[in-house]
Each structure stands twice: as C-alpha cells, then as structure tokens.
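> Since chain A is already given, all that's left is putting chain B on it; use the hints.
First to last, the protein sequences are chains A and B.
Residue 331 in our numbering sits at position 331 of the first sequence, with consecutive numbering throughout.
Residue 197 in our numbering sits at position 197 of the second sequence, with consecutive numbering throughout.
Treat the hints with caution; some may be incorrect.
If several chains are the same, the list does not tell them apart, and a pair holds so long as it fits within one copy or across any two.
Stated by the list, open to error - Cut-off 30 Å, straight-line C-alpha distance, at most; resulting in silico cross-link-like pairs (DSS-like, lysine-lysine): (1) Lys47 to Lys7; (2) Lys338 to Lys162; (3) Lys185 to Lys338; (4) Lys185 to Lys162.
Worth flagging that the hints you see were computed from the coordinates, not collected in a lab.
Protein chains: 2
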Amino acid sequence: MKLASLKQGRDGRLIVVSRDLKSAVEVPHIAGTLQQALDLWAETEPKLQDVYQQLNQQSSDLAGVFEFRPQDCASPLPRAYQWADGSAYVNHVELVRKARNSEVPDSFWTDPLMYQGGSDSFIGPCDDIALGSEEWGIDFEAEIAVVTDDVPMGVPEDQAAKHIQLLMLVNDVSLRGLIPAELAKGFGFFQSKPSSSFSPVAVTPDELGPAWENSKVHLPLNVDYNRQPFGRANAGQDMTFNFARLVSHAAHTRPLSAGTIIGSGTVSNKQNTEHGSAISDGGVGYSCIAEVRMIETINTGAAKTSFMHFGDQVHIEMLDSDGQSIFGAIDQTVVEYKGHQS
Amino acid sequence: MKLASLKQGRDGRLIVVSRDLKSAVEVPHIAGTLQQALDLWAETEPKLQDVYQQLNQQSSDLAGVFEFRPQDCASPLPRAYQWADGSAYVNHVELVRKARNSEVPDSFWTDPLMYQGGSDSFIGPCDDIALGSEEWGIDFEAEIAVVTDDVPMGVPEDQAAKHIQLLMLVNDVSLRGLIPAELAKGFGFFQSKPSSSFSPVAVTPDELGPAWENSKVHLPLNVDYNRQPFGRANAGQDMTFNFARLVSHAAHTRPLSAGTIIGSGTVSNKQNTEHGSAISDGGVGYSCIAEVRMIETINTGAAKTSFMHFGDQVHIEMLDSDGQSIFGAIDQTVVEYKGHQS
Numbered sequence: 001m002k003l004a005s006l007k008q009g010r011d012g013r014l015i016v017v018s019r020d021l022k023s024a025v026e027v028p029h030i031a032g033t034l035q036q037a038l039d040l041w042a043e044t045e046p047k048l049q050d051v052y053q054q055l056n057q058q059s060s061d062l063a064g065v066f067e068f069r070p071q072d073c074a075s076p077l078p079r080a081y082q083w084a085d086g087s088a089y090v091n092h093v094e095l096v097r098k099a100r101n102s103e104v105p106d107s108f109w110t111d112p113l114m115y116q117g118g119s120d121s122f123i124g125p126c127d128d129i130a131l132g133s134e135e136w137g138i139d140f141e142a143e144i145a146v147v148t149d150d151v152p153m154g155v156p157e158d159q160a161a162k163h164i165q166l167l168m169l170v171n172d173v174s175l176r177g178l179i180p181a182e183l184a185k186g187f188g189f190f191q192s193k194p195s196s197s198f199s200p201v202a203v204t205p206d207e208l209g210p211a212w213e214n215s216k217v218h219l220p221l222n223v224d225y226n227r228q229p230f231g232r233a234n235a236g237q238d239m240t241f242n243f244a245r246l247v248s249h250a251a252h253t254r255p256l257s258a259g260t261i262i263g264s265g266t267v268s269n270k271q272n273t274e275h276g277s278a279i280s281d282g283g284v285g286y287s288c289i290a291e292v293r294m295i296e297t298i299n300t301g302a303a304k305t306s307f308m309h310f311g312d313q314v315h316i317e318m319l320d321s322d323g324q325s326i327f328g329a330i331d332q333t334v335v336e337y338k339g340h341q342s
Numbered sequence: 001m002k003l004a005s006l007k008q009g010r011d012g013r014l015i016v017v018s019r020d021l022k023s024a025v026e027v028p029h030i031a032g033t034l035q036q037a038l039d040l041w042a043e044t045e046p047k048l049q050d051v052y053q054q055l056n057q058q059s060s061d062l063a064g065v066f067e068f069r070p071q072d073c074a075s076p077l078p079r080a081y082q083w084a085d086g087s088a089y090v091n092h093v094e095l096v097r098k099a100r101n102s103e104v105p106d107s108f109w110t111d112p113l114m115y116q117g118g119s120d121s122f123i124g125p126c127d128d129i130a131l132g133s134e135e136w137g138i139d140f141e142a143e144i145a146v147v148t149d150d151v152p153m154g155v156p157e158d159q160a161a162k163h164i165q166l167l168m169l170v171n172d173v174s175l176r177g178l179i180p181a182e183l184a185k186g187f188g189f190f191q192s193k194p195s196s197s198f199s200p201v202a203v204t205p206d207e208l209g210p211a212w213e214n215s216k217v218h219l220p221l222n223v224d225y226n227r228q229p230f231g232r233a234n235a236g237q238d239m240t241f242n243f244a245r246l247v248s249h250a251a252h253t254r255p256l257s258a259g260t261i262i263g264s265g266t267v268s269n270k271q272n273t274e275h276g277s278a279i280s281d282g283g284v285g286y287s288c289i290a291e292v293r294m295i296e297t298i299n300t301g302a303a304k305t306s307f308m309h310f311g312d313q314v315h316i317e318m319l320d321s322d323g324q325s326i327f328g329a330i331d332q333t334v335v336e337y338k339g340h341q342s
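This is chain A alone, in the form it adopts within the complex:
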C-alpha cells in the first residue's frame, strides 16, 4: 500500500496512491490525515488496503480518483511527534569522523548512534530548502526511514520488526559548518540539523517484496546532484544495525508513539575498498557531499567538491527491479531564506 499527504493545513490530507504512482484518491471516511490513520492503525490499515486494491484494479466502484502529482504533496507526515535518526551505516560514520580527525570507537559497531531530530516542520518532497547562509555548509543526506505504530518501552529486537508499518526516503538536511561547534557542546546536533524532508509516498513493507528482508531495504538508493548521478549505494549493504534493532534501541527507556519516524542514517557502501569510491571513479558513489569531500581529501589531500550553494538541486529516489519508482522522488533546490536576521 502507498500513502501520501496532499498539502492542506498543518497535517495535510491523506490520500491512497496507486502502485504505479499515477493515480490517487482521498479517504476522508477512513482518516483525514496520515497521523489519524496511524493513531488507529489496526482499524484503518485494512480499510486503506481495500481502497488501494480497488485503485490498482481501476475499479469503477471507486469515485474521486485523480492524477497523482508529487509536487502537490507535503511530506507524508508534515509534522510528527518523533523523528529519531540512527547512523546505521558505520562506513558513513568512519568517513565523517575521519574528516574531523576523530576515530570510530569499537562500540560504534555494537551500539547504534541515534539522535533526536526536530519533527515539527518537515519540508515537502518537492519544496525548496530555504536556509539563511551558504556559510553553514549545506549538505543533503539520503536515507531510509520507517514509521512505527505504538511501540512498548523495552521492546526487544526480535519483537520490534512487527511495529514497522511504513517506509519512506529521507533528505536529512545537514549544516556541516555548524556541526563541529554543536557537537563540541555535547548536547547533539540541534542547530546543525534543520528541517528534513521525506519522499512523497510512504509504503507498507510488503510493497518492497523480497527487497525487504531482515528489516533492511536491499535496493540502491539513487541520488542525483544537479542532475548528475552522485550515489547508487545499496541500502541493504553495510547496514550494521537493521531497522528492528534501531526501533528497539529507540524504545530502550521509553515507549514510542504511533507515527514515530526512525531513520537509517546516510546510506553508505564500502564497495570492497577502504571507504568506497565515487561514481566517476567507477563506484556506487555517496549519499551526501561530506563523504565525497573526505574521499577527495584521502585521495588528493584536499576536498574539491563544495557544499551546496543556493540554486543547487538534489534528487533522491529508489527504483524497484522493474525500474519503477517506489516512493516517488525527493527533488529539492536550496534557496536563500530572506527572513534570517544574523
């Protein structure tokens, strides 16, 4: 099943989207918003599935079907009660820490990294990313995320997978220039992680077929930067902690409420090399600029790719084995925010 939220008010208007992303239909008789659907998921999910089947079969019983347009969408949850982002691809962690000349402790391979993100103001999948200054070191991070139903505190890993109800793609916008000072304060990323954006469509795990295995998505994550291929890393490879583990980690000391979003962290492959290689070097590339800069530094002594300038564009999408887009595309341009004061 595929779900999205048309832009409307603070929480959007829930729609069911056809498997081929061509058509959609509103479902106000089931739930007005995706959060409302998740709040009563056991009750709403089978009803939404029925609509989804009818939509895919182009049933004449289904009234009000319209053309699906990703640019009319907010993020599936335009605001959420929780966004907690892991960093499950330790290759990414190794690279960004190398850039700061810090080592990866052994514990990072056994104890997940996770930060609490801001969840009150997500950006739409095709909306501009407005930020106050290029000096902040604007970067994208292409990731996968899951949405859970209610998860009890202390859920063990082997019972966590069943709480994963939806999957999405993420652009976890990062401000590399602000990260070192924020992390030095010891309280996490706060100002260095502005509003994130998610794919137009959230899908139930069964939509991935055999590509959803062991709570990982075994497909390449396509990242294009200014319309050039930039990353094709396989999200199923080098994922040290799967989503069941990340959900269990998040719920260690508290319950998670329905609609909690848990992210994978930047997808990153080692590609049988020390840290992978760029597409231009024959590799699968990267899912953020910071990694490319580090590879450039390792290979040539200096980074040559700059962080994003106003006008730069990032496109994040995942295709199934038939080349069909699963989630629709995150397609965003960074622009200057004019209201900023300092």
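Coordinates of chain B only, in the frame set by chain A:
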C-alpha cells in the same frame, strides 16, 4: 489564563481552569485539545480568555463547571511536535560537568546549550514514572518551560518574546547512569532522557504578574523529595539566557511550529557561594539530585545521596507571592517498569 488537558485519548481534552485551581470547564466549542487551540491561537485565545473570566467570576452563564483535580490531568500537551530543552542555568552545567571532571568552556556563557528531547509520550503530572532499572541512575530535573505559537526561522531575540504564549513546570527525568556513554557518542542524550512530565496547568505569562519580567520567572521553584524540602531555587536568578534568547536560539536554522515547548534546563542558584548549598545547610537547595551529589563530593569527598529508588517521590510546584499554587503540582513516584526486556 490557565489551561489543562483531562486524560482522554492521545491528546487529552482541553479545559479552562480557574485562577485558584478549584474549578474547570470544557470548551469543545472553542477547541477540543490544547494543540488545536495553539494551531489557531490568534482565534482561540480571546475566546478562551472570555471563558476564563467567566469561570473566575463564577458566572451563572457558564454551564458545566466541575471541580478541578490535577490527578485527572495529562500533561497540558500529552504529546507535542517539539520539546527542546535548554540549559540556561550555567551553575547547573558547571556542577554536573565537575562531577564528570570536565570544564565549562567560556562559550557556554554566551551560546546556549540546547538538546532536542522526545515529545511523543509525555507522562501525566501525577502519574508514576515507570523505568526499567534503578541502575540507570534515575534523577528528576525541575525546570520551567514555555510554549510558543508559530515562530519564524531566524527570529531575533528582541522579537522572540511575543511568541511565548504559555508557561509550565517540567520534570525532565534524567538517567545519570546512561548519560556519560550517550554523550560520549556525540549524538546527544537520546536513551538517557526518557519521557518528561509537565505541570497539570499551563498559564499565560500575564498570570505571573510582575514575576514575569525580561522573559524570566522571578519566583522560587519548590522541589520536595520524599516529602522533604529539597529545592527552593529562584528561577529568575542565575538564568544566563532568558526564554526569548532560548526561543531565538531554537529557531536559528528552522521555524518552530505552534505548540513547540522550550525548556529552561534545571533551575540552579549560586547563592553567593561557589555553587550554592543544600536547604539543610541553610541554602536554597537544588532542583536535581546530581547537583546535591556534586556538592557532597566537593564538601566531603564523596556523594552520599543516592539517585532515585523505586518508590521515591518528587513534588515540583511554584507558589505566587500569596502562597497560591500557580501551575498545580507535579507529584510523581518512580516505579519499576515490568515490561522491560534487558
């Protein structure tokens, strides 16, 4: 104006509470939940104020008035889209860092500390705090928090105060035993900050009269631990960053959505000494156990007060100059969570 949320469903049922906290009335014709009221604050606030005036005047025009009972309340926002907690009392920061043998950088006096907290599962003000293990080093932290309306990204400090719509008290439950390992990972407190709780009642700033000045609350915060006075620190003293500054800090790289909660951090006074002193030593005491343990360590070489055991109880309240409770009391007991797996 004073507002609260009766326990009902995920978001509670909004009620207006009389100034003396004795009576209350539902307002479904204005807003069903506090979040709904905040989403349309410019429209709902004057209507809620009208009800509040009638309630205080015991107007016979007002139907459905009932006795207010804090134990029937959830936190004013039972779940929220954002909970960001500052650490504006740098004396607290100095003390807890001394306990870890780390210095306070000069920048901590000019650049606020702030972490993103989990906001999806707040605990009711009179509800038990259920946690998996005493080994986690369970502590309370008594704080003040503000609730904002929509705040634009980049709002300067001098325009931030007007976005503060409500005030509450907070018990920012902290797991001292988990904090060092979490902070060492560099991603913030995550597992070491379980669900927080807030006072039964949220109040508009005008309720504080002259005690609300320069975006600070100039009143003692009363903390009793196992029914003994533990802290009477004045929230208006030694607050290095006022709430306007904290809101501006939170909004530096992103907008804040209506219903955002911004915390002060643990209220802590220096009391013309190096770091203050306990009530039993004639001082105003502390707002968390960690500070007392540090003072004990400084004074005697070892901490003697242990962190909370199952059955221990904390009471947090603020009285106005007439001795009347402003927010009602947070009154909670720590109990063992039986569902925890590890």
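> If a hint holds in the structure, say so; if it does not, say that too.
Hints, verified against the model:
1. Both within a single protomer and between protomers do Lys47 and Lys7 lie at most 30 Å apart by alpha-carbon distance, with minima of 22 Å and 28 Å respectively.
2. For the identical chains of this complex, Lys338 and Lys162 are inter-copy neighbours only, at 21 Å across copies versus 44 Å inside a copy, given an alpha-carbon limit of 30 Å.
3. Taking the shortest Cα distances, Lys185 and Lys338 sit within 30 Å of each other inside one copy (28 Å), while across copies they are farther apart (35 Å).
4. In this assembly of identical chains, the alpha carbons of Lys185 and Lys162 lie at most 30 Å apart only when taken from different copies (28 Å versus 37 Å within one copy).
Figure legend: structure checked against the earlier numbered hints; every hint is met.
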